[in-house]
Amino acid sequence: MAREGMEVSIAAAEAVALCDTDCIAAYPITPQTHIVEHLAELVADGELEAEFIPVESEHSAMSVCCGTAAVGARTFTSTSSQGLALMSEIMFIAASLRLPVVMALVNRSLSGPLSIWNDHSDVMSVRDCGWIQVFVEDGQETVDHMPWAFRVAEDPAVSLPVAVNLDGFILSHVIEPIELWTKEMMQKFLPPFSPVNRLHPDQPVTMGAFAMPDLFTETKMAQNQALIKSKPIILKAWDELLQVTGRRYRPVETYQTEGAKILLVTMGCLGQTAQLAVDALREEGEAVGLVKLRLWRPFPFEEFRKAVEGAELLLVIDRAISFGGPGGPVASELRNALYHAKKPPRVVNMIAGLAGRDVQPNDFEQMVEQAKAKVAEGKEDDYLIYGVRG
Amino acid sequence: MRNLELYSPVLLPREEYFCSGHRACQGCAEALAVRIVMKALGRNSVVAMATGCMEIVSSPLPTTAWAVPWIHVAFENAAAVASGIEAGLKILMKKGKLPRKKIHVAGMAGDGGTADIGLQALSGALERGHNFTYFCYDNEAYMNTGIQRSSATPFGAATTTSPAGKRIPGQTTWKKNMPAIAAAHDIPYVATACSSYPEDLFEKASRAIETPGPAYVHILSVCPTGWRIPPSTAIKYGRLAVESGAFPLYEVVNGEYFLSKDFLKLLPVKEYFKGHGRFRHLTEDMVNQIQERVSADWEKLKAKCVNVKKG
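Which chain is which? The protein sequence lines are E and V, in order.
Counted the way the numbering used here counts, the first sequence spans residues 1 to 390.
Counted the way the numbering used here counts, the second sequence spans residues 1 to 311.
Careful, some of the hints might be misleading.
Footprint (simulated), chain V over chain E, 3 or more residues, beta carbon under 8 Å [what the hints assert, rightly or not]: (1) 45-58; (2) 209-218; (3) 232-242; (4) 284-298.
What the hints contain is simulated information worked out from the structure, not anything from laboratory work.
The beta-carbon is built from N, C-alpha and C at its ideal position, and this holds for glycine as well.
Isolated chain V, as found in the complex:
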């Protein structure tokens, strides 16, 4: 987002730790999400990132877009590496081998690196209770390798491995509910966010990193390349995903659910699908099927969000 600081002069710090010059596609809302998260993490942080779009665009030797210490080891282990960083720093400070200092440790991965291949390492790290925050940048497919379906790809979406064929019309499974899986670990903080709502994302990232123990933030990161939408519409489609209830924004704080964005009436999902290349082939029946599911999920979520946030 160009001139982000003009729009949010007070709410977001000016300092950049995910710097310009990286090679993300035009209109990449994931790069924007990383940028906002890094503003929350700040200088005193260490990032472990999985293989994926953000890793590839940000670290071609001998250059780097990272102004904070950053490590990439492999695809499926960002959470494990982050937990090692946390444990290592903790014991070195405890033993007096490093001066005491508050350092935020973050693990970052895409939806494939989180919901598919990295799920085991993430579950282990959450269960062990490391003091770190895991950010999942969900662009709803393996975009880095050429738009293959993941378990986070929504029902009906066309990808290169769930193509809109004559017999099978795109993805045949429903999006895996990763935030619920994270919350099932009884960790103190889980949130969903979207870079189309930068202040909300910044606040949630800040809250997550300040929470002692493991925290999980799941960020819908619109991918114009993979979703087959014009780069200039990335922010708009993020908003449509939230306003239609396809990707609701909420927090789970110590097991209590709080809705971040409520709507008197959700937009119909067909408004979200309009102009969306990956949903172009959907029949009316399929759209209705999705609408039913989205409405039902929204009601279920609202039923959980009976709490009113204090303060």
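Isolated chain E, as found in the complex:
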């Protein structure tokens, strides 16, 4: 199918509709709005046979999703920032109930000050909610990851919710050439949803029972194991996505890492900008490469360690702050992942691109200079908020 120029949000909605989604519950919040607006249009025009449930809050959006997924309906929602914060209580419960809800999480900063612009402070607040979490970096990846998310979430061995993270505005609102899937591709890739358990009188089940201390830990261990064990299924789904689309996705992507002494590490859209910076730096003779994290939960320890082997310095760009903590959440996790490595690279952490502040290729070049200076000073454990005034 030919590529067509379209807004990424609209394309995401088209992809969700092609998945034969049964229920969509959502509340308007910029910049997610176009996704659900377009889904509402598709339902209103009869192009998608689904229940569109325009709820009165994000909290109810996720609660409705729990109800629809619990009866075995293919369920989608989308949100951003404050909305995510409001629904976060129920996100934790959706994961522990093993309900395969799929969410397009259009990342933007958490208030305050109030901002509608893009960073990762929203998703980092629900890092430990038990969902499978991936980051995409362009429109095509966004479209491809909608059926992928349903496929992984609804796999009986997984049965967990999936959040597909896409950067607000700088990805959600741009127009890109995108190839939408055909019905044949979808049929080949995405089987109908057949839940392990469903709320139905034919086979009554109790969902959401409470646990006393003698059982709570065991339920949490089982939940954690389910998330860890979802990885082979995630990888298999990507393999089959390659068969159907010809596009390959991995948990950790690398660019020009061969022989690189310095590696930039990014998540989401910044990866594409960083690629340009790497090209420029390579031309200047700097041995710089790029590592892009796509899979955030379950964390791909093995792939990440392999990707950074031989590097002397990692420059990790975070788009959220852990206030009063070690800097950014991504860098602190990566340091942890490398702690037992035989020859771990030094890790310098820069926090950049908060609330939509633009990060351009030359910014990465400056970050590399600043990172080198940090190492020379012996202060690589510190972190820097890049480009901040005052």
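Following the hints, position chain V against chain E.
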């Protein structure tokens, strides 16, 4: 209520869907209310329940008191979860992914989960018009967490967060009129009921679930633990609440009010307060104040209930 079927052999189905063995307190009239409601809902039903007494007593892992499909997600969202269940079942049947079948969907919560923290989700679900019934089991405080006041706690009642102090004598606000709020959504069926009147409760629950669209049933559920009354008197105090007009029983069908229990003369509220630990501290002035309010509310309600039910 022990041997309930002996008292109502014809009126109530024998089948139990809220089964014995749960951990409710002695004399819990809320457990009785759930039991009667479940007899009305029957086998082909799905229940979404809020966090609260009934959730805790009925579902300790790995056991359950529920013979029907049941889900608990959180405190404030029973109505939202129920609306998701309804929407999900509807579209799956419409698309042929599930065989067509009549399934009753119910949301259930206590007074805190309804009138306080769950009010927004309930309002949204009622406004969207889902075909479901919401049951509020009102025991007039947060009993599960240790008897804290809610907006459904009556004026004057002592709770752990509205204690009968030397300066402030218990709850200083009047009970929130939840049935009126539900009725203001212009839904087709609203009713109040009490488990001290099991047949009336059963009939109303049955009517509610058979009503297409959203329905709301508000059930006074006497809590001996929280009201500080002997467990053996739970049924009696439910009757006194109704007979004194403190909790009138009525229906609102398509906007028309019908009184379910009329009395030539209401019992004085002081008869209802007698022996009632949470009202023990009330002064005569306060009792008079409450009496005035209850009498006035009763008159207002009677003025609305001019309709005579057909059939």
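Each hint tested on the structure:
no.: 1; hint: 45-58; verdict: holds (count 8)
no.: 2; hint: 209-218; verdict: holds (count 5)
no.: 3; hint: 232-242; verdict: violated (count 0)
no.: 4; hint: 284-298; verdict: violated (count 0)
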